[in-house]
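Chains as they are written, first to last, in my numbering: chain Z, 1 to 292; chain C, 293 to 581.
These are computed hints drawn from the structure, not numbers from a lab.
The structure displayed is predicted, hence computed values, not measured ones.
The beta-carbon is built from N, C-alpha and C at its ideal position, and this holds for glycine as well.
You can trust all of the hints, since none of them are fake.
Computed from the model, here is a short list of chain C residues facing chain Z with C-beta under 10 Å:
no. : residue
1   : Arg376
2   : Ala382
3   : Thr390
4   : Leu392
5   : Pro394
6   : Arg405
7   : Ser456
8   : Ala460
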Amino acid sequence: MLCSIQSYAMRDTRSEIRPKLGIRLWLCGGWLFCLVLGALFAPWISPQDPLAQDLFAARLPPFWVAGSEPGFWLGTDSLGRDVLSRMLHGARLALIVAFIAGTLTCLIGSTLGIFAGYYQGWADRVISRFIDIWMAFPPVLFAILLIAVIGTGMTSIIIAIIIIDWTRFTRVVRAETMSQSVMDYIASAQVAGRGKFSTMVSEILPNLLPTIVVLLSLEMGIAVIVEAILSFVNLSISTDSPTWGGMIAEGRISIHQAWWVLVFPLIALFLTVLSFSQFGEGLKDRFDPVLR
Amino acid sequence: MIAYLSIRNLSVSLSNGPEILRSISLDVDAGEVHGLVGESGAGKSIIGKSVLGILPRAMGITSGEIWLDGVNLLSLSVAQRRRRIGALAALIPQDPLTALNPSRRIGPQITRRLVGILGWSKSAAQARALELLKEVHIENPEHVMRSYPHELSGGMRQRVLIASAFAAEPKLIIADEPTTALDVTVQKQILRLVGEMQARHRTALLFVTHDLGVVSKVCDHLSVLYAGMIVEKSQMRSFFAAPSHPYSRALLAASPKYDDLSGGLVPVPQAVIDQLDGEITAFDKGSRT
Numbered sequence: 001m002l003c004s005i006q007s008y009a010m011r012d013t014r015s016e017i018r019p020k021l022g023i024r025l026w027l028c029g030g031w032l033f034c035l036v037l038g039a040l041f042a043p044w045i046s047p048q049d050p051l052a053q054d055l056f057a058a059r060l061p062p063f064w065v066a067g068s069e070p071g072f073w074l075g076t077d078s079l080g081r082d083v084l085s086r087m088l089h090g091a092r093l094a095l096i097v098a099f100i101a102g103t104l105t106c107l108i109g110s111t112l113g114i115f116a117g118y119y120q121g122w123a124d125r126v127i128s129r130f131i132d133i134w135m136a137f138p139p140v141l142f143a144i145l146l147i148a149v150i151g152t153g154m155t156s157i158i159i160a161i162i163i164i165d166w167t168r169f170t171r172v173v174r175a176e177t178m179s180q181s182v183m184d185y186i187a188s189a190q191v192a193g194r195g196k197f198s199t200m201v202s203e204i205l206p207n208l209l210p211t212i213v214v215l216l217s218l219e220m221g222i223a224v225i226v227e228a229i230l231s232f233v234n235l236s237i238s239t240d241s242p243t244w245g246g247m248i249a250e251g252r253i254s255i256h257q258a259w260w261v262l263v264f265p266l267i268a269l270f271l272t273v274l275s276f277s278q279f280g281e282g283l284k285d286r287f288d289p290v291l292r
Numbered sequence: 293m294i295a296y297l298s299i300r301n302l303s304v305s306l307s308n309g310p311e312i313l314r315s316i317s318l319d320v321d322a323g324e325v326h327g328l329v330g331e332s333g334a335g336k337s338i339i340g341k342s343v344l345g346i347l348p349r350a351m352g353i354t355s356g357e358i359w360l361d362g363v364n365l366l367s368l369s370v371a372q373r374r375r376r377i378g379a380l381a382a383l384i385p386q387d388p389l390t391a392l393n394p395s396r397r398i399g400p401q402i403t404r405r406l407v408g409i410l411g412w413s414k415s416a417a418q419a420r421a422l423e424l425l426k427e428v429h430i431e432n433p434e435h436v437m438r439s440y441p442h443e444l445s446g447g448m449r450q451r452v453l454i455a456s457a458f459a460a461e462p463k464l465i466i467a468d469e470p471t472t473a474l475d476v477t478v479q480k481q482i483l484r485l486v487g488e489m490q491a492r493h494r495t496a497l498l499f500v501t502h503d504l505g506v507v508s509k510v511c512d513h514l515s516v517l518y519a520g521m522i523v524e525k526s527q528m529r530s531f532f533a534a535p536s537h538p539y540s541r542a543l544l545a546a547s548p549k550y551d552d553l554s555g556g557l558v559p560v561p562q563a564v565i566d567q568l569d570g571e572i573t574a575f576d577k578g579s580r581t
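Please put together the full structure from these sequences, using the hints given.
Here you go:
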């Protein structure tokens, strides 16, 4: 994936047509970059210990509101824990889940999709029927049920996301593969002596990458949401570790006394999901050789 | 002596029954251009696809033999057949817009047969590709080798496809309406180019088209197809002088004459269609008993 993106980039410099990097790509990429940095260095840059409670400093407002205290930039929650520090640590969890669950879902779903779309026959029939059955379940309820069965914890969340969302990749990749495999260049490759499997990998796969990149980036956004939902209903990691969903759930209770506990994690969640989805679209617009 | 490509009694049908080709036989010798003409759906392209082993999923060869260079392709295993076709034959596809992989550069797409099947070194294949691109009159071949398909025009892409078809010196080329997707001025250049390349490399060429004008420019022999049957096989010259089957006469009469536009369009007479339908029914009865 990376190498094909690089080769597209190289072509730009060669043909000396440098399309402007879209503002969308910059904004979304910028936010995600900051988030990754924040998550990576959370233990060092957090102003406070995210778990330290201090009932004397409960519900302190953010820094620009009267009554705030230095060191608690975005205020504290009802137990006196620093909102900013908790958000930074929450970002770690959100991003780990996004990257691992997103990538694994993408790998599994796309593999099934390309096989179903290219070999068709019974493989396609089995996989497609599975998708039909799978999609009959409401996803969030399905996730909650899964977690209830396999237990809470990071691995369980990742497994739940994979189990729920592989169909998204499989459906799209399958359809795309089918439309690619009737193209003349596939016939040409076969006349040139390429085997079926090697045609699939070296001819079809590169043409699916733009689609897969968009889906992957969307999926990371979805993984963030699912993780937030699960921690909102307290089915995520252990109760005391900071998560965005957990913070939103707690903030909801004290919204009249301390709106900031709810609003800041919400904004972070919103921006992150939006950035993931728009980042993928932006990449596609910029690097898809057919669109440009 | 068996011809270089010899198709004997080839029948192809859809997996759910209907026949697409009805016992087709035809021979193409080395250095010869054989034209296949007929209406849309007559089965012209399917003949080429059967030879190359790229029939659509829904179709299958039900009977017959395809001899290529003295070997019956249909008696080989799938892998053997693919290797043999890869080494001996090539395809010039119909639509230059979809026949090149959009996400790969032109260079590797031309050289892949040389490197993959004939085991050439990369640099030798590269040099050969440059030479071929010059042969198809592409200026600046180094630049084209590094381009992506979408950076080239339709005519350029068709040239690239012709170059890559001739790259591994195949003994048989199947051209599946190579000019249909191009406009008339480019068509003429491409036809001349195909003829030129074919004569220089002494390739057997099976030329599929629905354009009798094109046939008259390139082919030595031709077969007229109707509903999967060959209704007439003849030498180019004698065909245009005196076509023997009434359907061929009707086809010739239907092509527009540029020097006399007063006549309008001439449809194929009902009597001819009735005769053809009769021949098909007779054939189907004969093949069933």
